[in-house]
Amino acid sequence: MVSEAIFEAINRLLSSHAIESKLLNENEIYSEVTQASIKDDCISIYNNIDCVLIDLFGNDTSQINNSITIYYTFAVRSSNTLITLYVKLDKKSSLHIDSIAKEIPAASLYEREIQDMFGVSFVNSLDSRELVHHGNFPLNVHPLNKDFKANTRLNFEKREQSYTSISGTGVFEVAVGPVHAGIIEPGHFRFSVAGEPIINLEAKLYYTHRGLEKLSENENYMKVLLFSERISGDETFTNSLAYCQAIEKINGITYLPERALYSRTIFAEFERICSHLGDISGLCVDTGYIFANGQFAMMRRWIQVLCEQLTGSRFLRNTNKPGGLRKDFIRNNEKLIIDCLNNLDKEFRETVNIVKNNGMFIDRVEHTGILSNAIAVDLNAVGPGGRASGINTDVRKEFPYAAYSKLKFNVPQHNNCDINCRMNVKIEEIIESISIIRQALDKMPEEGSISIDIGNLKPYSYAFGMTESPRGENIHFVMTGENNTILRYKVRTPSFCNWPVLCHAVNTNTLTDFPLINKSFNLSYAGNDL
Amino acid sequence: MHNIIKKMFQHGTVTVDYPKKPIKSSYITGVPEFYYTKCKRCSKCINSCPTGAIALVDNDKQKEKSPAVNIDECIFCRFCEDACPNKAVLLSNKFELAQKSRAALRATPLLVQDDVVKDLDYELLGRQLKEKVKKFYGKSLNIREVDAGSCNGCDYELNALGSPYNDLERLGIQFVASPRHADMLMVTGCVTRNMEEALIKTYNATPSPKLVIAVGACACSGGIFKNSYAGRNGVDCVLPVDVYIPGCPPRPQALIYGILKAIGRL
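The listed protein sequences derive, respectively, from chains A and B.
Count along the first sequence from 1, then add 749; that gives the number in my numbering.
Count along the second sequence from 1, then add 1; that gives the number in my numbering.
It is worth saying that the hints were derived from the structure and are not from the lab.
Computed from a predicted model, the values in this text were never measured in an experiment.
Be a bit skeptical, because a hint or two may be false.
Said to hold, decoys possible - Here chain A is said to cover these stretches of chain B; the calculated rule only asks that three of the stretch's residues, wherever they fall, bring their Cβ under 8 Å from a Cβ of chain A: (1) 65 to 76; (2) 180 to 193; (3) 249 to 257.
Said to hold, decoys possible - With a Cα cut of at most 25 Å, we get these calculated DMTMM-like pairs of lysine to aspartate or glutamate: (4) A/Lys1095 with A/Asp1077; (5) B/Lys7 with A/Asp1094; (6) A/Lys851 with A/Glu862; (7) B/Lys202 with A/Glu909; (8) A/Lys1105 with A/Asp1202; (9) A/Lys1076 with A/Glu1195; (10) B/Lys88 with A/Glu862; (11) B/Lys7 with A/Asp1088; (12) B/Lys227 with A/Glu1231; (13) B/Lys227 with A/Glu968; (14) A/Lys1155 with A/Glu1115; (15) B/Lys262 with B/Glu198; (16) B/Lys39 with B/Glu82; (17) B/Lys227 with A/Glu906; (18) B/Lys45 with A/Glu1231.
To be verified - So, partial list: chain A residues that the calculated Cβ filter (under 8 Å) puts toward chain B: (19) Gly1043; (20) Val1101; (21) Val1126.
No residue lacks a Cβ here, since even glycine has one placed at the ideal position from N, Cα and C.
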């Protein structure tokens, strides 16, 4: 067992500091360390084991041990293991902790989030500005603390927000948003521009912060399923799938009916096709290539209508539930799916052929929005954005879920780091997805149920659910409370990782290229803001 | 070029004739409907509803109190359908749900919160505006979309209105880039704390006379994100709303229906 070998390695590394270590849910290692040693321990794990920081979050565990717990989660992607270091901070006296952002840059945003939501201060942090609250929250009010009620109405305050400012002759600032020119979500962008090229971009998000994590607290797990479906509208299925996996792990369910596993795979791939077709269509709009836009939008609609015919929802809502699926949606509809896939396959290849032979289109996307491999590694870029910059990571391969371990597929990877590469990754992924769905339909057993009863939730247990959403690695942490409620629901979507990466990818490009670069990543605002 | 022209002929016109002809609706998820003859008043649907949209109300035709749904709060999650032991509640295919007042969407009277009261004056004002709008806009309408904290499902459906299938521009309706060019605001989301100021600014930047449409369950009532510290319960807590389009998310045809209702073409 690989996870056990890593467990021993970690125990050796942390020999003197670790208070308690345990291996749970087959591949999740949890080690408690002290407040004084957490920084050194994180860095020693980061340096000695081939892993990346994928999550960092707080949890008010005052019901259990009167403290705030901070979790540092690392993923060993090569050997299917999650390492979580956690530290308990006494709620009354010591809500401060050493920052690790200088050594592990990906940690910076997580630390700012914890600072806003729990009031934990990070010593020697890279950036200690507000992230979620936008200066309208009263000071010393931290929504994820247990003594804060979810329906509290707070007064509006007005504190000035500071931005990274670059000064010099001929440098000026362009502010865009939060209300944009197109039909997209709100976010504020500050461009520092010297003539035409952008020299710095700061993205201010969290305009669509709805308090999803707080609303999930102390709610029945079936209601939280609905929240998970509404994290980001177009990633409904993968988000709810990650949540369901976490709940299943908590209850020790290791085996679901085959039909459920294959159905989940099929729906997850439909969502990916739909999302990627929308992205490619959007890229064509932004270059003024209306013919191709219409073609891809038409194909996207085919898939949406198919999803609606199967499940009754164009966004695959009300499809998933812990323990399987709500109904046997695929039964008797195999021919419908195969016909649609055949049409899509032919039409897609022909249209891609036309688009790729258009020199003017390729001119716009080639060598634009370059995201260097070094930055992508440092900030943990995931999904097609990372794969186009030479990071070969895919949850479907590394932490296989549903029926992916039984199917053959490739993970496309490119190394030129520009928009063209990201588009090519998406194009190849659509073709792979079509093949995955065909294989799954072939292998799916005729007989068998579609869900199992998961029973009551084990109180005070926790687990991670991971899926590969169309935008990339998706991580949900669930901790249960008593009576089938959820105590803490932490969501880290791929958008959270890729927003800072986008800000680096636009540097040295012109302002007019920004919409194109933005579209090539196609990040979710709602999925980041929660 | 040859290939492009070939493709155009291959597909012909793909646009649907929606407002003129009804669309195929066998697989559409619409509003829940109650069959009172089967209903045993066991209240299981009421307890299962995650947004509290179902309530027992006095019904003219029924002798005893019967369950009914407040459509502005319904997120079409099918929990009531699953919970009912007698199959007395089923999700229908009715998607044309837009209404000009929130009361028309509700079975129970609206409980007005403290911070909503100031909008009463607005409502009167809005009604007068509507009369003018008919006169002013005639057959063309420019829309500005504002996301005030949605999950982006509604935004994708609004985007789909521009696709070849729905092609809203054939009705003389188009989405514009600036509120200064707009006659109508379509607002999605529950109006989050961080977006409130931007939404009011956008409203003020839109020249009068103007219409406001609340799109989706969140914008109509707060939906599943009701009573959050980080948001309001719908757009009408902040702005006067002319038309409500419920749904989670409302499908493109439901949006077209709502827009047409707003300009009084239906």
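Here is how each hint holds up against the structure:
1. Only when three residues or more bring their CB closer than 8 Å to a CB of chain A does the claim for the region 65 to 76 of chain B stand; here the count is 1, and the claim is violated.
2. Counting residues of the region 180 to 193 of chain B whose beta-carbon sits less than 8 Å from any beta-carbon of chain A gives 4, enough to reach three: the coverage restraint holds.
3. As drawn, the region 249 to 257 of chain B meets chain A at 3 residues by the rule of a beta-carbon pair under 8 Å; at three or more, the given contact holds.
4. The suggested pairing of lysine 1095 of chain A with aspartate 1077 of chain A is violated, with an alpha-carbon distance near 28 Å, which exceeds 25 Å.
5. Under the criterion of a C-alpha separation no larger than 25 Å, the hint pairing lysine 7 of chain B with aspartate 1094 of chain A is consistent with the structure, at around 18 Å.
6. In summary, the hint linking lysine 851 of chain A to glutamate 862 of chain A is supported, as the alpha carbons are separated by about 16 Å, within the 25 Å threshold.
7. Using a Cα cut-off of 25 Å, the hinted pair lysine 202 of chain B and glutamate 909 of chain A holds, with the two alpha carbons roughly 18 Å apart.
8. Between the alpha carbons of lysine 1105 of chain A and aspartate 1202 of chain A the distance comes to roughly 49 Å, so the proposed pair goes past 25 Å and is violated.
9. Between the alpha carbons of lysine 1076 of chain A and glutamate 1195 of chain A the distance comes to roughly 15 Å, so the proposed pair stays at or under 25 Å and holds.
10. The hinted pair formed by lysine 88 of chain B and glutamate 862 of chain A fails the criterion: a straight-line CA distance of about 46 Å is larger than 25 Å.
11. Distance hint between lysine 7 of chain B and aspartate 1088 of chain A is fulfilled; the C-alpha atoms sit about 22 Å from each other, no more than 25 Å.
12. Simply put, lysine 227 of chain B and glutamate 1231 of chain A have alpha-carbon atoms about 24 Å apart, close enough for the 25 Å limit, and the pair holds.
13. Distance restraint check for lysine 227 of chain B and glutamate 968 of chain A: the Cα-Cα separation of roughly 14 Å lies within the 25 Å cut-off, and the hinted pair is therefore satisfied.
14. Under the criterion of a C-alpha separation no larger than 25 Å, the hint pairing lysine 1155 of chain A with glutamate 1115 of chain A is inconsistent with the structure, at around 36 Å.
15. Simply put, lysine 262 of chain B and glutamate 198 of chain B have alpha-carbon atoms about 28 Å apart, too far for the 25 Å limit, and the pair is violated.
16. Among the hinted pairs, lysine 39 of chain B with glutamate 82 of chain B is consistent with the structure: their alpha-carbon atoms are about 13 Å apart, no more than 25 Å.
17. Taking the CA atoms of lysine 227 of chain B and glutamate 906 of chain A, the gap is about 22 Å. The hint holds against a cut of 25 Å.
18. Our distance criterion of 25 Å between C-alpha atoms is met by lysine 45 of chain B and glutamate 1231 of chain A, whose separation comes to about 22 Å.
19. The interface hint given for glycine 1043 of chain A is met, as the beta carbon of that residue sits about 5 Å from the closest beta carbon of chain B, less than 8 Å.
20. At a threshold of 8 Å, the smallest CB-CB gap from valine 1101 of chain A to chain B is about 11 Å, leaving the interface hint violated.
21. Residue-level restraint check for valine 1126 of chain A is violated (minimum Cβ-Cβ distance to chain B is 29 Å; threshold 8 Å).
The earlier numbered hints that this structure contradicts are 1, 4, 8, 10, 14, 15, 20 and 21.
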